[in-house]
Amino acid sequence: QQQVRQSPQSLTVWEGETAILNCSYEDSTFDYFPWYHQFPGESPALLIAIRPVSNKKEDGRFTIFFNKREKKFSLHIADSQPGDSATYFCAASVNYNQGKLIFGQGTKLSIKP
Amino acid sequence: GALVYQYPRRTICKSGTSMRMECQAVGFQATSVAWYRQSPQKTFELIALSTVNSAIKYEQNFTQEKFPISHPNLSFSSMTVLNAYLEDRGLYLCGAGGQNERLFFGHGTKLSVL
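Protein chains in written order, with the working numbering: chain A, 1 to 113; chain B, 114 to 227.
No lab work stands behind these hints: they were computed from the structure.
Below, computed lysine-lysine pairings styled on DSSO-like, alpha-carbon distance capped at 30 angstroms: (1) Lys56/A to Lys155/B; (2) Lys56/A to Lys112/A; (3) Lys68/A to Lys155/B.
Partial pick of chain B residues on the chain A-facing surface, computed with a CB cut under 8 angstroms: (4) Ala147; (5) Thr156; (6) Phe157; (7) Leu159; (8) Leu162; (9) Leu206; (10) Arg215; (11) Leu216; (12) Phe218; (13) Gly219; (14) His220; (15) Gly221.
Every residue, glycine too, gets a C-beta built ideally from N, C-alpha and C.
If we strip away everything but chain A, and leave its shape as in the complex, we get:
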């Protein structure tokens, strides 16, 4: 089944803490897993992405952890900043060149100063 489940629906953390957002999927043919963030009134923007050949991808304060066996992946935002407050969407696709992304439900992240 081509669905991506995302949790939690909303998350509040203090500035400086690590925020953890989770996603899971069922279709084992998915081979590309991006995370997008969306600020109010804006379109989603690609934050970071991973392919199943890796179980970890880092870009600055953002890290994706990927567990192929359990079909789960998570986004960790270290040293959270108020500017990180946004809605985050995980997604997955089968053939990344085709642009057919299946999105999770989104997590509204709030960082308290």
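Place chain B on chain A using the hints.
Same frame as chain A, but now just chain B:
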């Protein structure tokens, strides 16, 4: 750099009328264009995926009769919402993909229906 321009940014139409939105890729060849809808308080639903020189594939619950799409070349795509009603409200996004894995999104067209 690669950019996707989408217009109009906002539109209001009367119930039962139609509106068209357009998507322009700049700086790369948009081999694939995916149209999504984000309904209020919801995630992004894929409406259809268009690949140049291939048939347009519509997802379940979306039809060509309701959302006709044109993708005539590697830089342009348009989609029309025919006979729009309240349930068609939302943010419509085009995402264009080139030869690499990154999908670039336009700013979206916010559709309100009166």
